[in-house]
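Asker: Counting from 1, one number per residue, gives the positions in the sequence shown under full-length UniProt numbering.
FYI, nobody ran anything at the bench for these hints, they're computed from the structure.
The C-beta atom is built at its ideal place from N, Cα and C for all residues, glycine as well.
Hints are not guaranteed to be accurate.
Unchecked claim - Keeping only pairs whose Cα atoms sit at most 30 Å apart, straight-line, the calculated DSS-like set for lysine-lysine is:
no., residue 1, residue 2
1, 178, 197
2, 197, 57
3, 178, 292
4, 60, 76
5, 76, 26
6, 26, 57
7, 175, 263
8, 197, 167
9, 167, 263
10, 167, 220
11, 220, 175
12, 178, 220
13, 292, 220
14, 57, 76
15, 220, 197
16, 26, 60
17, 167, 178
18, 197, 175
19, 263, 197
20, 220, 263
To be verified - Per label pair, the in silico range of CB-to-CB distance:
no., residue 1, residue 2, range
21, 132, 55, 21 to 29 Å
22, 201, 281, 34 to 42 Å
23, 215, 22, 30 to 38 Å
24, 225, 178, 20 to 28 Å
25, 68, 258, 14 to 22 Å
26, 77, 151, 17 to 25 Å
27, 154, 178, 17 to 25 Å
28, 167, 224, 39 to 47 Å
29, 221, 145, 16 to 24 Å
30, 71, 281, 37 to 45 Å
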Amino acid sequence: MVLLAVVASASVFFTDDGGAVERIVKVLESAEEEVVLVSYSLDEQEIVACLNRLQRKGVKISVLIDSSTVSRVFDKSPEFTVSCDTSTALVHSKFLVVDRRIVVFGTGNFTEGSLREDSNSFMIFESARLAALFLDYYRAIETGNSRGMTRIENMVFFLCPSEEARKRVISELMKARKEIRFGMFAFTDPQVLAALKFCASRGVRIIGVIDSWNDDSPLKDYLTSGMEVSESTSITVHDKTFVIDSRVVITGSANASLSGWGKNREIVAIIESRDLAQEFVNHFEYIREVSK
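Please put together the full structure from these sequences, using the hints given.
Answerer: The structure is reproduced here in structure tokens:
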């Protein structure tokens, strides 16, 4: 475990209001020296155009995406170098680092769909130490290496594949006393489901919304029975977040799936913050309402 003593300034935003692209472009436009971007895919035209402008100004642009999505970014005529990792695992992390001081990290890819249509969340951190951590993750993903757990004040980070991340998520869920809320694109991990069911049996209220992607999942009937879990019928719920007792937020790029924990290159964050938790609770209430 690595322990870093630093308080990171953080804010959260959601794609609900249609302003996600504008916020991300604003962060990118502040770059003076370097931008590192990692995503499963990249095809949002304004973001690509902004990266092109920065490249022309002499800002170093490093983009790493999954090899299966390369054609999407090339269709947008990038003027910067685009690379892929060296492993067979999916590059499923979603973050960018600007000038080794600002990190944007969340559940959505830097694509038209994720930023303009789907339900997603992103956090912006201003922290040189946190930026250094994510740059280390970038290098690890690029070279196919692993990393252990890292704690930064009230936050714990994992780079997947990581069974340790899975066990920690389940452990946090099992600590719930009153309520667990969640939004999840893919929910296929039976042990995570078992943890929710056990909590429900103890009187913990389980409130969630899952995407229609789960229609063919063998777990769907178990998810939507005995708990207040609904399926979205109108929007793509691309979220990957749990909120425990309005105090702990578990979020990142990993779905509640075996491939998310055990195969893909994912980042999982566990954050203790009542203010942040309330932002996510409000978001979940909104998507539950609009997805009926």
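Asker: Work down the list of hints and note, for each, if the structure agrees.
Answerer: Hint check results:
1. For the proposed pair residue 178 and residue 197, the alpha carbon gap of about 14 Å is at most 30 Å, so the pair holds.
2. Using a Cα cut-off of 30 Å, the hinted pair residue 197 and residue 57 is violated, with the two alpha carbons roughly 54 Å apart.
3. Restraint check for residue 178 and residue 292: the C-alpha separation of about 25 Å stays at or below 30 Å, so the hint holds.
4. With a CA separation close to 19 Å, the supplied pair residue 60 and residue 76 stays within the 30 Å bound.
5. Proposed proximity of residue 76 and residue 26 is supported: the alpha carbons are some 20 Å apart, at most 30 Å.
6. Note on residue 26 and residue 57: the hinted pairing holds, with a Cα-Cα distance of about 16 Å set against a maximum of 30 Å.
7. Straight-line distance between C-alpha atoms of residue 175 and residue 263 comes to about 26 Å, which keeps the hinted pair within the 30 Å bound.
8. Restraint check for residue 197 and residue 167: satisfied, since their Cα atoms lie roughly 16 Å apart, inside the 30 Å limit.
9. Taking the CA atoms of residue 167 and residue 263, the gap is near 15 Å; set against the 30 Å cutoff, the hint holds.
10. Under the criterion of a C-alpha separation no larger than 30 Å, the hint pairing residue 167 with residue 220 is consistent with the structure, at around 22 Å.
11. With a CA separation close to 24 Å, the supplied pair residue 220 and residue 175 stays within the 30 Å bound.
12. Among the hinted pairs, residue 178 with residue 220 is consistent with the structure: their alpha-carbon atoms are about 23 Å apart, no more than 30 Å.
13. Proximity of residue 292 to residue 220 is assessed by CA-CA distance (about 17 Å); at most 30 Å being required, the pair is judged to hold.
14. In summary, the hint linking residue 57 to residue 76 is supported, as the alpha carbons are separated by about 19 Å, within the 30 Å threshold.
15. Between residue 220 and residue 197 the alpha-carbon distance is near 13 Å, which keeps this suggested pair within the 30 Å criterion.
16. For a cut-off of 30 Å, the pair hint linking residue 26 to residue 60 stands: about 17 Å separates their Cα positions.
17. Of the supplied pair hints, the one linking residue 167 and residue 178 holds, its CA atoms being roughly 21 Å apart against a limit of 30 Å.
18. Proposed proximity of residue 197 and residue 175 is supported: the alpha carbons are some 13 Å apart, at most 30 Å.
19. Our distance criterion of 30 Å between C-alpha atoms is met by residue 263 and residue 197, whose separation comes to about 25 Å.
20. Straight-line distance between C-alpha atoms of residue 220 and residue 263 comes to about 22 Å, which keeps the hinted pair within the 30 Å bound.
21. Our hint of 21 to 29 Å for residue 132 and residue 55 holds, since their Cβ atoms are close to 23 Å apart.
22. Between residue 201 and residue 281 the C-beta distance comes to about 23 Å, which lies outside the given range of 34 to 42 Å.
23. The hinted window of 30 to 38 Å between residue 215 and residue 22 holds, with their beta carbons roughly 33 Å apart.
24. One distance hint, 20 to 28 Å for the beta-carbon pair residue 225 and residue 178, holds here, with the actual separation near 21 Å.
25. In this structure the supplied range 14 to 22 Å holds for residue 68 paired with residue 258, their Cβ-Cβ distance being about 19 Å.
26. Taking the beta carbon of each, residue 77 and residue 151 are about 41 Å apart, not inside 17 to 25 Å as hinted.
27. About 20 Å separates the C-beta atoms of residue 154 and residue 178, a value consistent with the hinted range of 17 to 25 Å.
28. Residue 167 and residue 224 have their C-beta atoms about 26 Å apart, which leaves the hinted 39 to 47 Å range violated.
29. For residue 221 and residue 145, the Cβ-Cβ distance of about 39 Å falls outside the hinted range of 16 to 24 Å, so the restraint is violated.
30. Between residue 71 and residue 281, the C-beta spacing of about 39 Å keeps the proposed range 37 to 45 Å intact.
Violated hints, listed in ascending order, are 2, 22, 26, 28, 29; each of the other numbered hints is respected by the structure.
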